[in-house]
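Undergrad: Listed below are the residues making up each chain.
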Amino acid sequence: MTTAAARGLSAVRTVLDGGTVVIAQETSLTPAVTINATAMAGGAYEPATLPGLGFLTGRVLDRGTRQRAAETIAEELDDRGVALRVATARHTMSVTCTCLAEDFRDVLDIVLDIVRYPVFPEVEVAKRRAESLNALRQDHDNPAVRAVETVFELLYGTSHPYGRRAKGTESSVERMTRDDLLGYHAARVRPTLLTLVVVGDVPASSAADQAAVVLEGWKSAPVSDEPVPPPAPAHRQERTLTIPGKSQADIAYGFTTIRRLDPRYYAYFVLNNILGQFGLGGRLAENIRERQGMAYYAYSAIDPSVGEGPLLIRAGVDPDNVQRALAAIDQEVSALGSAGPTPEEVSQSKEYLIGSIPRMLETNDGIASFLQTVEQFGLGLDYDRRLPGHLEAVTLDEVRAAAAELLRPDRAAVAIAGP
Amino acid sequence: MRSVQAAAALSTRFTTLQNGLKVLIQEVHTAPLVSVWCWYRVGSRDEAPGRTGASHWVEHMNFKGTRNIPRDQMKGLVERYGGMWNGYTWIDETTYLETAGRNALDQLLFLEAERMANGLYEPEDCESERTVIISELQGSENDPDQLLDQEVTATAFRAHPYRHPTIGWLPDLRSMTRDDLYDHYRRYYIPNNATLVIAGDVEGDDVLRRVERTLGSIPAGTVPARTLIVEPPQLGERRVVVERPGTTSYLKMAWHAPAATDREFFPMLVLDAILTGAKGVNLWTSFRGAPPQRKSRLYTTLVERSLASSVAGALVPTAEPFLYTVSMTAMQGIELPVLEAAALEQIEKVREQGVSGEETARAVRQLRARFVFENDSVTNIAHQLGYFETVTGPGFFPDLQSQVTRVTADQVSEVARRRLASTARTVGWFKPRSDGA
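Residue numbers (the numbering used here), protein chains in the order written: chain A, 6 to 424; chain B, 914 to 1350.
Some hints could be false.
Distance ranges between label pairs, derived from CB positions [claimed, not checked]:
1) E1261/B - E221/A: 49 to 55 Å
2) G162/A - T943/B: 43 to 49 Å
3) Y122/A - S1347/B: 41 to 47 Å
4) E221/A - Q1245/B: 40 to 46 Å
5) P1036/B - E175/A: 47 to 53 Å
6) T163/A - D1175/B: 53 to 59 Å
If you are wondering where the hints come from, they were derived from the structure by calculation, not from laboratory data. For each residue, glycine too, the CB sits at the ideal point set by N, CA and C.
Build the full structure now, drawing on both the sequences and the hints.
TA: Pasting the structure below:
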């Protein structure tokens, strides 16, 4: 095992013999520790014929291991006040929890046991499958979920890994077997695809030492993934979904953007802040909420990822105001795209984003998420120190260029779900 | 590694200015941040019929500009320091917060001083915010569980103003005027009805000087007397059925809960942990995400037996007796009477047979851990200090750990027997109609 100390946050990165990366950061505000074990096992890697396999694998992952029955895991975690979460995103599957520092060794053992040795008992697969189906039915009645899912479909198409529904479809979930889950785990949750981050009131060395013992002998060959395909050329698409009985309509309006490691990333990040984040929700909220009083929320979010992730604009409005709100979004997108931001907007947003870094890195949970992103994209352990420089270096021309490339209403995908 | 007890022992500085403003300062030097929360002792319980939602609407208006901060400059004041800001209103309280770099402290105090004394309430801003709030209400109505919660709460209370939703009833939101809002603002936004909390990488004496300079000259007013309304005892089960288009059935049960300062509050908190898993007591952060609950009684009875896909309990510390609520999402094909019968069977079992020492000890351990987790930032620490000062008064927050540790299985059994009686419960059903999507 090799170890290197960082100059930034003071995190320590260790690569275990099997290839698992362990990053530990000691903090002292509370006598607690956050454990975040993340594998590159998100929905993007599931077979196109079984959408939702990553999601269901995550739902059953912590329901029994070779050494621990589901009930034993439940008892050991409940006894310590620990709520374990398994979250499956596009590229990652994360097992996270927070425990008291005094329980750290026991809880880390349980987390690593869950990650390495899940057995996916048939009875648990059946129960969690039924719960997933229930969640799909709930989503079907949720205008916000329907609008966002539809805009992803329009942007990427259902055959693209970003265009599929994360939870899958009723038909795919019904078809999944225990063997599918075992196979998916074996293929994607392996030492060379796993990063363990530990942040909290324990010595940094103890995480790597303990992980080395629990994960000893776990080896796997490196995995070479197909690149995420580029999205199809964009053109204006609109789809309206009727969901009876609802009081409000949800609008999702999106574009595909760039990859996380694209040199334009920081300019896009600043642009998104100006469009739909700064203050109540940037230019969008200023128009739709503040000037027109049409919506409680109007904002944008950007997610450059391994592939060309989306920029998504969201607003919830009275059904009678949908066209007015859509016109306001088109207007703001078009204005920012064609004229670009003002110098003041760029400098304000940069100041805000740089100033918000200490807040992002205040809690154990926040630091753990940050360090996982750093590892996933190879940003370097001193990234927290370099990030202000990256943001500071963004120029007005770069943000204008990003706006001109991205913000074209004639390329937007639009979904409206409501009564 | 520090002990849980040592970490819980905060050394908060408490001062009351001459104008009556209470000031709580907590030095925390782990990050270069400061969190400022300004709390007002006004919530939806203080609203008269016809004026429901006034407190929440006033909260919205206090982001709209003041005599010395034009509306378009409110934005950017906190962001310049990398800060976040927000506010919320609930039944007992209204609060505003900013967390930013520590060098923002003067700006944050100035903002709170302006908010307390110099709100503009321009008529056009009131009108524009009316529709924003109606949109907020409509958004929450899109969620069947929230809609049911509103109906159950309104059914469980006959007399107490806790019965109406914090956001207000729609007809009141349509009819209230700018002057109604401004009157409400002027009545309650006075220093001697407020508590200011500052937590972060600051020095106590210096903070106090800055607070004196910025907020010390705001004149005191007459603190409005709170109307004391005692909810009469409930004499029998109440039921409400909401039928709407939808795909999923929801079940909610509510019982009258003890106020935070009632001696039964902590046994009830342990009872909730036994039934549905411990959440903690931080309204700002602890009710997001699932609690540790897989060994809890209702999870094992309902979710593990595939009758429900989720179960959640809610007991929040309040100034007067509010509700203990258990919410369930039915699995497809499970009729509401079946789910209700299974939930009530477990509730009756707890009432008749009591709880064990082992499960009480587990619940106490859970709560002890949750009290640590919910104080993991200057924002959360400041929230907890201000919340309990406003809702329960001094002395309650520092004593949380020891209070919960002293709870016995007998106390929990007794509180279950008395509080969860069938005659004192309200049951709500959300029945999806088949014309749903």
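Undergrad: Hint by hint, note whether the structure agrees.
TA: Comparing the hints with the structure gives:
no. : hint                         : in the structure
1   : E1261/B - E221/A: 49 to 55 Å : holds, 50 Å
2   : G162/A - T943/B: 43 to 49 Å  : holds, 47 Å
3   : Y122/A - S1347/B: 41 to 47 Å : holds, 45 Å
4   : E221/A - Q1245/B: 40 to 46 Å : holds, 44 Å
5   : P1036/B - E175/A: 47 to 53 Å : holds, 52 Å
6   : T163/A - D1175/B: 53 to 59 Å : holds, 55 Å
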